[in-house]
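Line by line, the protein sequences are chains L and R.
Read in order, the letters of the first sequence correspond to residues 1 to 94 in the working numbering.
Read in order, the letters of the second sequence correspond to residues 1 to 154 in the working numbering.
Honestly, I wouldn't trust all of these hints.
What the hints assert, rightly or not - Among the chain R residues that face chain L by a calculated CB cut under 8 Å, a handful are:
hint	residue
1	Leu60
2	Pro100
3	Ser103
4	Leu114
5	Leu130
6	Leu131
As the list claims (entries may be wrong) - Straight-line alpha carbon distances no greater than 16 Å define the calculated EDC-like cross-link-like pairs of lysine to aspartate or glutamate that follow:
hint	chain 1	residue 1	chain 2	residue 2
7	L	Lys23	R	Glu122
8	L	Lys64	R	Glu99
9	L	Lys82	R	Asp133
10	L	Lys64	L	Glu45
11	L	Lys42	R	Asp74
No wet-lab data here; the hints were simulated from the structure.
Virtual Cβ for every residue (Gly too), placed ideally from N, Cα, C.
Listed here are the chains, written in short residue letters.
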Amino acid sequence: MAQPKRILVACGTAIATSTVVAKSIEEEMKKRGIPVVTRQCKATEVKGLEHGYDLIVTTTPLPKDLEVPVIQTLAFLTGIGKEDVLNQIQKALE
Amino acid sequence: MSSNKIIELLLPSAVCIQLVAEDSKHVIETLSGELFKAGYVYESFAHAALERESHMPTGLPLGGKYNAAIPHTDIEHVIKPALALATLRKPVNFQNMIEPESSVPVQLVIVMALEQAKTQVEMLQEIAGLLQDAAIIEKLMNAKEIPQVFEAFS
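Chain L with its partners taken away, still in its complex shape:
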């Protein structure tokens, strides 16, 4: 069994939107047979936490000089383009 992929999920306060985003990603990736673990954080904490993660998903802008790939999206809140974003996440984890 492959190691689960690690995704850092960022939003403004780490209680609201990132909760929804993290849960959606976990559920949807599970459906696609990709085990993931997520951790939520504030946008301001990403810089110190990024190492050890395969991907960062964020609802708010992040610093530009990150080393881990970043996907910025509102799709998990608004539903717009959700399938596209899920495909992007899947691709980024492969």
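Starting from the known structure of chain L, arrange chain R on it as the hints suggest.
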């Protein structure tokens, strides 16, 4: 979709229908004020929510007739969880969550007073579900009285 958690937390005295608002600040202050009067948040909530909105905006383009915003702030300003909601007679601009330099004309505002608790996840997912349901949004925007707002969620 039935949205029991929203109905449970939405405070009737903090539901403002067809609010005439000048700008986003006015909406946030009005809804925060109602939450404060009812004892759900500290007086600091309004200022903190405005401050957060200024650098981490919450405007959400929904791709339909109406757009929404979900202002909120850190948990230390919250006494107990509640939601406040306003429909606006005319849209006011909020900055876009994902692209803060651009603005979104918003007519539905839900202020979330959240504390860190596992039960909040359900509520937040319901809000996300609501934002994805054009029929509920339409019912909310057409509501003329507070009970119709609650009906829209049931």
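**Message:** Against the 16 Å threshold, does the CA-CA distance of Lys64 (chain L) and Glu99 (chain R) hold or violate the hint?
**Reply:** Judged against 16 Å, a Cα distance of about 14 Å means the pair holds.
**Request:** Double-check Pro100 (chain R) for me: the hint is only fine if its C-beta lies closer than 8 Å to a C-beta in chain L.
**Result:** Result: holds, 6 Å to nearest chain L Cβ.
**Prompt:** Any CB of chain L closer than 8 Å to the CB of Leu130 (chain R)?
**Reply:** violated, 10 Å
**Message:** Holds or violated: Lys64 (chain L) and Glu45 (chain L), Cα atoms, limit 16 Å.
**Reply:** holds, 14 Å
**Request:** Report holds or violated for the interface hint on Leu114 (chain R), using the least CB-CB distance to chain L and a cut-off of 8 Å.
**Result:** With a closest approach of 6 Å, the Leu114 (chain R) hint holds.
**Asked** Are Lys42 (chain L) and Asp74 (chain R) close enough, with their CA atoms no more than 16 Å apart?
**Response** holds, 11 Å
**Request:** Using Cβ atoms only, decide whether Leu131 (chain R) comes closer than 8 Å to chain L, and label the hint accordingly.
**Result:** holds, 6 Å
**Item:** Restraint check for Lys23 (chain L) with Glu122 (chain R), where alpha carbons must lie at most 16 Å apart
**Value:** At roughly 10 Å apart (the allowed maximum being 16 Å), Glu122 (chain R) and Lys23 (chain L) satisfy the hint.
**Restraint status (C-alpha distance of Lys82 (chain L) to Asp133 (chain R) at most 16 Å)** = holds, 14 Å
**Request:** Under 8 Å, Cβ to Cβ, is where Leu60 (chain R) needs to be relative to chain L, so tell me if that hint holds or is violated.
**Result:** holds, 5 Å
**Asked** Against chain L, is Ser103 (chain R) within 8 Å by beta-carbon distance?
**Response** violated, 15 Å
Of the numbered hints given earlier, the model fails hints 3, 5; all others are met.
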